[in-house]
Amino acid sequence: MFFNSIAFAIFLPIVFYLYWFVFNKTKSTQNALLIIASYYFYSCWDWRFLFLLVFSTFLDYYTGIQIEKGKSERDRKFWFWLSILVNLGFLGIFKYYNFFAVSFSELLNSVGLQASPILLNVILPVGISFYTFHGLSYVIDIYYKRIKAEYNFVDYSLFVSYFPLLVAGPIERATHLLPQVKVKREFNFENAKEGIYQIIWGLVKKVVIADTCATYANAIFDHYTSMNSFSLILGAVYFAFQIYGDFSGYSDIALGTSKLFGLDLLKNFNYPYFSRDIAEFWRRWHISLSSWFRDYLYIPLGGSKGGLWMKIRNTFIIFVVSGFWHGANWTYIAWGFINAVYFLPLLLRNSNRNNMDAIELSWNFNSVKTIVSILFTFMITCVAWIFFRAKTITDAVLYVKGIFTNKDFGFQYLDNERYNYELLLLIGLFVLVEWNSRTKIEPLSGKKSMLKLALAIMAIMAFGTFSDYKEFIYFQF
Amino acid sequence: MKHFLIYTIKILIVVLLTAIALDGLYTYIFLQSENRGKIETVFNSEQQNYDVIILGSSRANNHFVSQMFEDKGLKTFNYGMSGGHLFEASLMLKLMIERKYTIKNVILEADLNLSNDHESEGISAKFLPYIHNSAVIKNHFETEKNFNELYYIPFYRYVKYDGKIGFRETYKIVTGEKTNALDNLGYYPLIKHKNGNMKNNIHNLNPLKRNKYYEEIKNICKANSINFIAVMTPMCENVVGMNYFDKVKKAYPEIHNYENVVVENKYFSSCGHMTDAGAKMFTTRILKDFFYK
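Respectively, the protein sequence lines represent chains G and W. Position 402, counted from 1, in the first sequence is what the UniProt record's numbering calls 402; the numbers after and before it change by one each time, with no gaps. Position 288, counted from 1, in the second sequence is what the UniProt record's numbering calls 288; the numbers after and before it change by one each time, with no gaps.
These are calculated hints, taken from the structure and not from any lab test. Only a predicted model underlies this, so the values are computations on that prediction, with no experimental measurement involved. Please note: incorrect hints may appear among the correct ones.
[Unchecked claim] Under the rule of at most 27 Å between Cα atoms (straight-line distance), these lysine-lysine pairs were calculated in the DSSO-like manner:
hint, chain 1, residue 1, chain 2, residue 2
1, G, Lys148, G, Lys77
2, W, Lys218, W, Lys247
3, W, Lys209, W, Lys94
4, G, Lys452, W, Lys2
5, W, Lys164, W, Lys145
6, W, Lys104, W, Lys212
7, W, Lys10, G, Lys448
8, W, Lys212, G, Lys447
9, W, Lys138, W, Lys10
10, W, Lys72, W, Lys138
11, W, Lys247, W, Lys199
12, W, Lys247, G, Lys25
13, G, Lys452, W, Lys160
14, W, Lys2, G, Lys182
15, W, Lys2, G, Lys447
16, W, Lys266, W, Lys288
17, W, Lys2, G, Lys184
18, W, Lys288, W, Lys75
19, G, Lys440, W, Lys160
20, G, Lys267, G, Lys182
21, W, Lys2, G, Lys27
22, G, Lys407, G, Lys391
23, G, Lys448, W, Lys94
24, G, Lys452, W, Lys10
In isolation and in its complexed conformation, chain G is listed as follows (with noise of 0.2 Å):
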């Protein structure tokens, strides 16, 4: 069941209806209400899934309590490590198993040795890597005595698999939205207003920009090899505008649908490519899971307290590990890792802190710089996708190789019976947008919203692509 579904489309009013018209008694039962909608909503995928989620959640509840209740740090370290290694174990066993027994084979023949790797034959349950990192946030915190262990099991089952954020996140905090979970929501319209309009801008983001860009970026990353250079940069900013659409529109249906029930989301993307600069962009995008590995594993790490080799490495570390979250493949290391490499200039002169403020533009020399520093930010992220989106390294690189080496700047019709360039318009309307709005959690709240929400709704039923339908980019991960 997908957010721009119309199963979703039925479901949402329902789960709505019952919540606050028959549910709404006490906070068990909103959360009970919410529960049951959830594991509904995530067994419309694959039912069998549900099993292991509902394992996973009562592995984190319980290891929780028993490290709250360790008697000594034994104790407390042994069931640390038991959610760790079972959380981290499941991931490894769907998600890495297959990628590492092929890598590894591939190995030992490059050295003359004959492997053929045993393979699973297993399909990655949908929202994976998203519920078991909400799970270890939740172990490690309360193993580092940050939070207290959860006794109630709804409250904590929901906390996990609350459905708006179970597929593709944000990957929420115990400190965030266990506190919301354990009191009864009143109703808000003001809030639920809001609600509305993020899902609807949500749905343009998805339906009008990803998965139209989708069809260009496709077309032109399916046949890189015949592209001219001109086509070949535009594949990389369709593809560009096609992920952030798809993941910042889904995050945008996921806190709006969220609102409707009372239920405040972490925001996950705050106009990335308005970046300044990388580390601006990486504050910007998927805020969640960027907070997570900062918090989880690059302050662990020693963070920045360390000497500068430190502060390399696990600059390295966290962005390499973090393509790698996005699936098991090569081409995502190497989107990490080219990542890393951006960053690194701004480490090394201690500038990675440099753009905290809001973007300004006025008629002066610095805005120019801005709209240089931005567009410069832009590029290299760009860059960086091709090996997000490309099968292979060779592709990616080839696919950069073209970009240079053709020479050919000129429109070109595609395999899909579209030109090249027909998509700027759309894309340079979607720009000014979001520019104009970009102090705002979404464009069409404030003055005159409804004539702002009739036209987003026109521009979803307009411009929407939705016969080619493309599934949402994050929930394979």
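Model the placement of chain W on the given structure of chain G, informed by the hints.
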């Protein structure tokens, strides 16, 4: 909560009004379309007189050279549609009759397409803008399982088939961008491709015993005193399951089998589609057999 429910109703009204407005706008634009495709052209046309019209799939579109008919003094148009099934061919003929076309002969390519009586969504979608403007189109789609959504939900058909009749198509109609569908009197010549697929396996294909839309076309012709000529057109040499054509002949004895009139691969662009040279050889034979006895 009351405020929110009122607000939600307002949004639903906006959605409905937008859908109605867009539906009206898109339909109006499609009603002006004249040079984009065969379906739009027929729908928006006045009464016409033809000696020969050709119906069928791409195997009609690429195989009957209209100009050769014209050269013999026969006013002809090739209405074969690439990707189309008999569902669309039948509807096309019904539309022509609705528009009072006078037709002396219908040549129907009836071979591989006899194996199903489903619609071909990519082609049938192009009739949908006119579903409220033509009883013939409405009735033709009435038996389809998604008829109610397509007919009653405003703008649904444009959303569902956005790739065919969505914004891009309406934009192209407005800007008057032409396609080549109407060039060469509807015939689309193919050239020889180095990498053309010259193998085909139709072993598992079986003609339906009574294809609903084939029968419809036959009956329309009979009712309107149109000479009905059904033919099987050539396939390349490397086809597995060539007895399919015998099965067709057995089920439909009136269909003329021209499958082996052109066989050499050099006359084929792909296994089921002849090149221009092959099409000319084939058309010569059709003209000789049916129009100069």
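ask   = Looking back at the numbered hints, which does the structure fail to meet, lowest number first?
value = 8, 9, 10, 12, 19 and 23
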